[in-house]
Amino acid sequence: MAKAKERKTLRLDTSGMEELIRKMDKIGMDVKPLVEKALTEAGAKISNDTLAALSDQFLPAQGKYHGSRRETEESVIMYPQVTWEGSVAWIPVGFDFSKPGAGGYLISGTPKMQPDKELNRMYKGKRYMKGIQDDMYKVLEDAYADELLK
Amino acid sequence: MKQNLIDLLSGEFKTYPVILQGSLSPTEAYPESFFTIWNTETADWSHYDNGTVGFVWRFTVAFFSVDPTLVNTVLASARYLLIQHGWLVDGVGEDTPTDEISHTGRSLDVIYLERFQPIIN
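Chains as they are written, first to last, in the numbering used here: chain L, 1 to 150; chain Y, 1 to 121.
Simulated from the structure, these hints should not be mistaken for laboratory data. Be aware that one or more of the hints could be misleading.
What the hints assert, rightly or not - These stretches of chain L come out as covered by chain Y in the derived footprint (C-beta under 8 Å, 3 or more residues):
(1) 15-24
(2) 124-138
Said to hold, decoys possible - Covered stretches of chain Y (in silico footprint by chain L; criterion: 3 or more residues with CB under 8 Å from a CB of chain L, positions within the stretch not fixed):
(3) 26-38
(4) 55-69
(5) 95-103
C-beta: ideal position from N, C-alpha, C; glycine also.
Bound-form chain L, shown alone (with noise of 0.2 Å):
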C-alpha cells in the first residue's frame, strides 16, 4: 500500500482557551499542571476511544483481515507528552507513525477499503474532538470557579 513518507501526527491542543487560561494565571494560579492534566486525561480517553474503534467490528471486512500480531494496535498513542508552544499546550494523538502497522489508512480509507467508521468519525468529524474539548475546558473551568470562590 502506497504511503506518504512522512505523516503529520495528528495533535489535541489548548486553542481556544487562552483566555481563560490567561484569567486563570491572573489570579495567580499554577496553570501549567492544570492544563496538562486537562490534555492528560483527555489524551487517555482518545487513546482508549481509539483502541476500541479498532475492535473488529468496526473495521472494514468486520476484521477479516486484522492481523494476529496486533501492529496497529501497538502504533496507537499511549501516554502522550504534553509540549508548549506559547501559551497553546499540545498532545500527540491517534497512530505513531513511526511504527509499522500505524492505521493511519484506517481513517481516511482507500478506494478499495472503507474507512474504519469510528475511528473516521473520532478524526475527521468535529463532533468527537469537539465534545474532548468542551470536557477538557470544563476541567480548567471548574478550577478556576473554585479558585475564586476560595
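Got chain L; can you put chain Y on it based on the hints?
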C-alpha cells in the same frame, strides 16, 4: 447533499468517475483517474422554534490518478468548483493513501451547511 456533490463533480469533470470511497473490489483495477467521496458526518446545525432548520454535512473528496500533476491540478479545480457552489472547504487538501502503487491521491475535507424549513422533532 451526497447526490448534489456527485452531480457537481460529475458534471464538471465528465471524464473522471465519482465513486464511494472503498467501493472498488480488491481485484478491480483502478480507473486511470477518478474521484472518491465519503460522508464523514451529518449533524443538526441550526434550530428554530424547537425544530431543526439546518444540517451540516461533512465529506471527504479525494482524487486519484496515475499522473501526479493531475492529482494536484484537478483537486485544486474541484476545490474552486465547490467553493463557487456554496461549499466550505477546509484547507487545500492533503495526501491520501492508495491501494495501488501506480496512483497517487490527495483529498479535501468539505462542508455544506444546508438550510430548510423547520422540522418539528
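Verification of the hints:
1. Residue count for the region 15-24 of chain L with a Cβ under 8 Å from a Cβ of chain Y: 0. That is fewer than the three needed, and the coverage hint is violated.
2. With 4 residues carrying a beta carbon less than 8 Å from a beta carbon of chain Y, the region 124-138 of chain L meets the three-residue requirement, and the given coverage holds.
3. Taking a C-beta to C-beta cut-off of 8 Å, the region 26-38 of chain Y contributes 6 residues in contact with chain L, enough for the three needed, and the coverage statement holds.
4. Interface restraint, the region 55-69 of chain Y with chain L: holds (4 residues with C-beta to C-beta distance below 8 Å; minimum three).
5. Restraint check on the region 95-103 of chain Y versus chain L: 8 residues with Cβ-Cβ distances below 8 Å, three needed, restraint holds.
The structure shown violates just one earlier hint, number 1.
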